[in-house]
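A.B. asks: Every position in the sequence shown, counted from 1, becomes a number in our numbering once 73 is added.
Please note: incorrect hints may appear among the correct ones.
[As the list claims (entries may be wrong)] Taking lysine to aspartate or glutamate and the EDC-like style, the derived pairs with C-alpha atoms no more than 20 Å apart in a straight line are:
| id | residue 1 | residue 2 |
| --- | --- | --- |
| 1 | Lys247 | Glu343 |
| 2 | Lys252 | Glu136 |
| 3 | Lys282 | Glu136 |
| 4 | Lys134 | Glu277 |
| 5 | Lys247 | Glu136 |
| 6 | Lys248 | Glu343 |
| 7 | Lys134 | Glu280 |
| 8 | Lys252 | Glu343 |
| 9 | Lys132 | Glu277 |
| 10 | Lys134 | Glu251 |
| 11 | Lys132 | Glu280 |
[To be verified] The calculated label-pair distances, taken between Cβ atoms and stated as ranges, are:
| id | residue 1 | residue 2 | range |
| --- | --- | --- | --- |
| 12 | Leu187 | Phe227 | 20 to 28 Å |
| 13 | Pro276 | Val349 | 38 to 46 Å |
| 14 | Glu136 | Thr353 | 39 to 47 Å |
| 15 | Leu187 | Gly141 | 38 to 46 Å |
| 16 | Leu199 | Glu251 | 41 to 49 Å |
Think of the hints as simulated: they come from the structure by calculation, not from any bench. Heads up, the beta-carbon is just placed ideally off N, CA and C, and yes, glycines get one too.
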Amino acid sequence: MSKRTLAILAAIGATFIYGINHTVAKGVMPGHVKPFGFIFLRVGGAAILFWLISIFGPKEKIERRDWGRMLVCALLGMSINMLSFFKGLQLSTPINSAVLVTIIPIIVVVISALFLSERITLNKGLGIFMGFVGAIGLILFGVEARQDAPNIPFGNFLFIINATSYGAYLVVVKKLIEKYHPFTLMKWLFTIAIFINLPLTLPEALEIKWSTMPIWAYGSIAFVIIGTTFLTYLFNIFALTQLKASSVGAFVYMQPLVGILFALFSGKDELTLVKVLAMTFVLVGVYLASKKPKRISQY
Numbered sequence: 074m075s076k077r078t079l080a081i082l083a084a085i086g087a088t089f090i091y092g093i094n095h096t097v098a099k100g101v102m103p104g105h106v107k108p109f110g111f112i113f114l115r116v117g118g119a120a121i122l123f124w125l126i127s128i129f130g131p132k133e134k135i136e137r138r139d140w141g142r143m144l145v146c147a148l149l150g151m152s153i154n155m156l157s158f159f160k161g162l163q164l165s166t167p168i169n170s171a172v173l174v175t176i177i178p179i180i181v182v183v184i185s186a187l188f189l190s191e192r193i194t195l196n197k198g199l200g201i202f203m204g205f206v207g208a209i210g211l212i213l214f215g216v217e218a219r220q221d222a223p224n225i226p227f228g229n230f231l232f233i234i235n236a237t238s239y240g241a242y243l244v245v246v247k248k249l250i251e252k253y254h255p256f257t258l259m260k261w262l263f264t265i266a267i268f269i270n271l272p273l274t275l276p277e278a279l280e281i282k283w284s285t286m287p288i289w290a291y292g293s294i295a296f297v298i299i300g301t302t303f304l305t306y307l308f309n310i311f312a313l314t315q316l317k318a319s320s321v322g323a324f325v326y327m328q329p330l331v332g333i334l335f336a337l338f339s340g341k342d343e344l345t346l347v348k349v350l351a352m353t354f355v356l357v358g359v360y361l362a363s364k365k366p367k368r369i370s371q372y
């Protein structure tokens with residue numbers, strides 16, 4: 074099997090883990106672990122794992138001028154991003170989170186246009202508008218009467234905060250990725266995030282009743298720490314060694330399919346007309362916003 078084929082399988086594996094995570098993490102919250110307490114476990118566990126695996130990577134020192142960018146990246150990618158997603162997941166539904174996560178490429182386009190002076194074409198502008206309509210549609214019209222989703226509109230709003238924060242993180246972290254080994258970068262970003270998140274996450278982490286927690290909940294927590302956080306980063310890192318970043322990023326389009334199917338088969342969510350219409354608008358919007366303009370041949 075070629076390295077390119079393995080890279081594609083790694084990207085698909087990361088996408089499947091992300092898709093399943095919407096339902097797995099939701100099943101533990103808030104009965105066994107509250108959302109911010111979950112982030113304490115997730116960030117702390119990932120930091121430990123990345124420090125351990127960094128033993129096999131190069132010994133690099135972060136330059137003083139890069140610490141400011143490191144702090145911003147940790148704030149966007151491991152703090153605001155994760156806190157808003159898990160709190161949103163507690164308040165909303167797995168399918169809504171799987172749909173709204175796909176607006177990340179649209180957010181990247183908008184931020185790149187604002188800060189990197191990248192031109193927004195007609196297709197991109199239409200795509201941004203359609204993605205916005207789909208996201209707002211879920212917030213305004215996606216209300217359901219569910220005990221496990223006490224505030225769906227606000228939860229969906231937090232998913233948009235999550236996507237915006239992660240999209241900004243992808244833009245800001247680009248220079249660091251080009252400069253440092255992924256193991257070096259990840260171990261420091263997650264370590265910084267521990268201290269940023271500590272005031273919000275530690276109180277809920279201390280409330281966890283480990284002695285009365287069922288075995289399946291332990292498994293769900295382990296899945297989020299090892300699978301959703303640690304392995305997905307490793308899979309995507311390997312995929313990036315053989316594939317273009319845009320190709321790896323395109324696998325995010327699979328998340329709604331994986332997330333929705335897993336939520337439906339596990340009986341944790343149900344499909345509604347509003348969700349189908351919102352997903353259609355978001356996916357078409359992402360496609361248009363991410364589509365490269367055709368080059369005009371010159372003869």
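A.B. asks: Are the hints correct? Go through all of them and say.
C.D. replies: Consistency of the hints with the structure:
1. In summary, the hint linking Lys247 to Glu343 is not supported, as the alpha carbons are separated by about 37 Å, beyond the 20 Å threshold.
2. The suggested pairing of Lys252 with Glu136 holds, with an alpha-carbon distance near 10 Å, which does not exceed 20 Å.
3. Annotation: proposed proximity of Lys282 to Glu136 is violated, straight-line Cα distance about 41 Å (limit 20 Å).
4. A hinted pair counts as satisfied when its Cα atoms are at most 20 Å apart, and Lys134 with Glu277 does not qualify at roughly 34 Å.
5. Note on Lys247 and Glu136: the hinted pairing holds, with a Cα-Cα distance of about 16 Å set against a maximum of 20 Å.
6. A threshold of 20 Å between alpha carbons decides the hint, and for Lys248 with Glu343 the separation of about 41 Å lies outside it, so the pair is violated.
7. The suggested pairing of Lys134 with Glu280 is violated, with an alpha-carbon distance near 37 Å, which exceeds 20 Å.
8. Between Lys252 and Glu343 the alpha-carbon distance is near 44 Å, which puts this suggested pair outside the 20 Å criterion.
9. Taken as a hint, the Lys132 and Glu277 pair is broken in the structure, with Cα atoms around 35 Å apart against an allowance of 20 Å.
10. As the CA atoms of Lys134 and Glu251 are separated by approximately 15 Å, the hinted pair is consistent with the 20 Å bound.
11. Of the pairs offered as hints, the one joining Lys132 and Glu280 is violated, with about 38 Å between alpha carbons and a cut-off of 20 Å exceeded.
12. A hinted range of 20 to 28 Å holds for the C-beta pair Leu187 and Phe227, which are about 26 Å apart.
13. Look at Pro276 against Val349: about 39 Å separates their beta carbons, and that is inside 38 to 46 Å.
14. Glu136 and Thr353 have their C-beta atoms about 46 Å apart, which keeps the hinted 39 to 47 Å range intact.
15. One distance hint, 38 to 46 Å for the beta-carbon pair Leu187 and Gly141, is violated here, with the actual separation near 20 Å.
16. For the pair Leu199 and Glu251, the beta carbons lie near 31 Å from each other, so the given range of 41 to 49 Å is not met.
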